[in-house]
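Use the sequences and the hints to build the structure in full.
Protein chains: 2
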Amino acid sequence: MNRQSFLDLDAADVLAPFRSEFQLPVGVIYLCGNSLGAMPRCAPEIARRTMDEWAKDLVKSWNTADWFHLPQRLGRLVAGLIGAAEDEVVVTDATGINLFKVLAAALAMRPDRNVILMEGSNFPTDNYTAQGLIALLGNRHRIRFAEHDGIMAAIDKDVAVVALTEGHYKTGRLHDMRAITARAHACGALAVWDLCHSAGILPVDLNGCHADFAVGCTYKYLNGGPGSPAFIFAARRHHGVALQPLTGWYGHGSPFAFERDYRPAPGIEQMQSGTPPILSLAVAEAGIGITARAPMAAIRGKSRRMGDLFIQLVDEFCDEFDFRLASPRESAQRGSQVSLTHQHGYPIMRALISRGVIGDFRAPDILRFGFAPLYLCYVDIFDAAQALRDIMQTDAWRLPEFNSSLAVT
Amino acid sequence: MNRQSFLDLDAADVLAPFRSEFQLPVGVIYLCGNSLGAMPRCAPEIARRTMDEWAKDLVKSWNTADWFHLPQRLGRLVAGLIGAAEDEVVVTDATGINLFKVLAAALAMRPDRNVILMEGSNFPTDNYTAQGLIALLGNRHRIRFAEHDGIMAAIDKDVAVVALTEGHYKTGRLHDMRAITARAHACGALAVWDLCHSAGILPVDLNGCHADFAVGCTYKYLNGGPGSPAFIFAARRHHGVALQPLTGWYGHGSPFAFERDYRPAPGIEQMQSGTPPILSLAVAEAGIGITARAPMAAIRGKSRRMGDLFIQLVDEFCDEFDFRLASPRESAQRGSQVSLTHQHGYPIMRALISRGVIGDFRAPDILRFGFAPLYLCYVDIFDAAQALRDIMQTDAWRLPEFNSSLAVT
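Each protein sequence line maps, in turn, to chains F and C. Each residue of the first sequence is one higher than the last, beginning at 1 in the numbering used here. Each residue of the second sequence is one higher than the last, beginning at 1 in the numbering used here.
Where hints are given, some of them may not hold.
Note that the list lumps identical chains together, so a pair holds whenever it fits in one copy or between two copies.
Taking lysine to any residue pairs in the SDA-like style, the calculated list, with each CA pair at most 25 angstroms apart, reads [claimed, not checked]:
id, residue 1, residue 2
1, 56, 46
2, 157, 145
3, 170, 329
4, 170, 323
5, 56, 35
6, 60, 46
7, 157, 138
8, 170, 344
Since the hints were derived computationally from the structure, they do not count as laboratory data.
Put into structure tokens, the structure is as follows:
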């Protein structure tokens, strides 16, 4: 493969116009959109406008700028990306907080069961959330951990909730949401999906799969900004039935009546708790909005192809350097990242970053490369692989500056 | 009282220089800082810089801009305002979420008791939080509601937690934190304080009062911005003992080890859950920082005096118009707001707002006027009272435009 063939792919790319909607540093190939997405060019203007609303209209902006309904407005945008109806999603709070809400609601709907099925090796904050909930409920429940190929067999009549992250944070490997949800339902369990590594990058069909609940962040492939609030989905059939326990005025049936006692809002609004962080929420609309406008089939097609090409290039360029592929080779089974393992993964990644190729490292030996089709070019993939080859061929990663103590986030 | 005497007070005001640190609209007298504080002039620059960090350094900003430790950095600033040590406070999540954390932790520390004592008439989201927690725990606990003068007598050996908002959102009336906390402890209960109407406007001495836990928002008198994240205080003696149940990676003992199982951080960090909204958090540092630099005794002195003067002016100017004082007349018993009741309170407040005097209305009949000494002049108080007199004398509040259906936040 030569560089020109990548330039040719870019010339024919229907997503190419989206690149100009993002601001990226010159000389950087950003392969970390699976951790924090790039900044939309329109985002600073939204930040500026929101600050202006605060300065000029002060408290009135809750009405005049309709800050109050930002969670629903963003929820409608996200809904279109995850196969949900517009009244089934709100954006508020952090992913883990939202997971706590739906796990608690789901467990209450299956009072005769005591198992939460999870994938222990996936990003552990979901485990922590379930563990905190279980301890709070008096250790009447337990987590059954199963790994990818063992999930289906691990779902039985004891399982109250199957709670999985669709894409694996280390490998990008995808679960079969449709099959697992069907199996969960066949066993009488509920299905909760964490879409942190799916929303905005894969076609997700929550209602087509009859999913019960879902959560996910907006700062990865939705480009909402650092720590931007997360979304929460509850299937309409559960509205008014599934009640989340972090009850606050924002989820009250009459939030401005200031009644003494809680009375849940009938719809998705009940999934809200307190006042959301307006500035972070307002700015998140930029990236979510761009993604909502982009054709998902093209996103997924380019994402798969970029991953395939990167794998081929690493095979071709770095055959002699002991990298192993930690992600599925078959792109249909993969989210939008390719992970490699290498015993010297940490200094290698630091050397790459020093050349402007930004991926990340996860202990003990994983190099992660994420592909965000809205702002990456095919030729970036070529150049990144070439940089990797060069670092290996020249032993650049052995430099002391790349081998100092760990300082990774 | 004449206007000149108010101008004289302004000329002698040691807090006068702080006014220029805030951006306020021309022609507006903003008496709603008890709902949403005004914007610090330096806040847009922080927003701009944070957006820049996102755009330029992308995911690296978690280290290079130290986004990761924003909750602790802001916590240290807040600590100085509430009588806490620097390692006892973090800023993260919403007030209600944080209240859920400390209530759950506190109940677990008093397993043989089943009562949460609360003031039912205060801002009800705290009631909702407790009600959600109680339902989640299987209705083994209950709330005992008591009103202001009945609080002390209502604390007995059944009470696990006394959870009160120090200042009343409708009247501004203050609880005696020291006496109530002492009484709670004497009965073996724990004391949780909601400081939404206290932080940044009153001297608060959590450790001097031996308070156990506290929470509070940063968007009122701390001027953090709309929906800016809340703080959470846990007394050091409870660190490692009081464990909050919304467990997430941010509160893990080794957040970057990505261990499968939760292991709490030993200190205040355990009170964190998931990734916080960085933009809202970064901007909040502006207002919190200004308040942390201001002399608290002067803030409290000016706040009390403004309230006293406003009450005197209303007495003098509006004696014939059937206003009643809903706040304590004695400023020592009052936070930084004065509330009046009037049967036509809603159109009267709208008429005031149309003249640039921004207070707010709370059903059924309360007009609230908040006094933020860092950006208000004494003469604003005079002008606001004069506007109120004029509206009453001319019957301006009877105009149809002020009497249409409610649209209040």
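Hints broken by the structure, by number, lowest first? none
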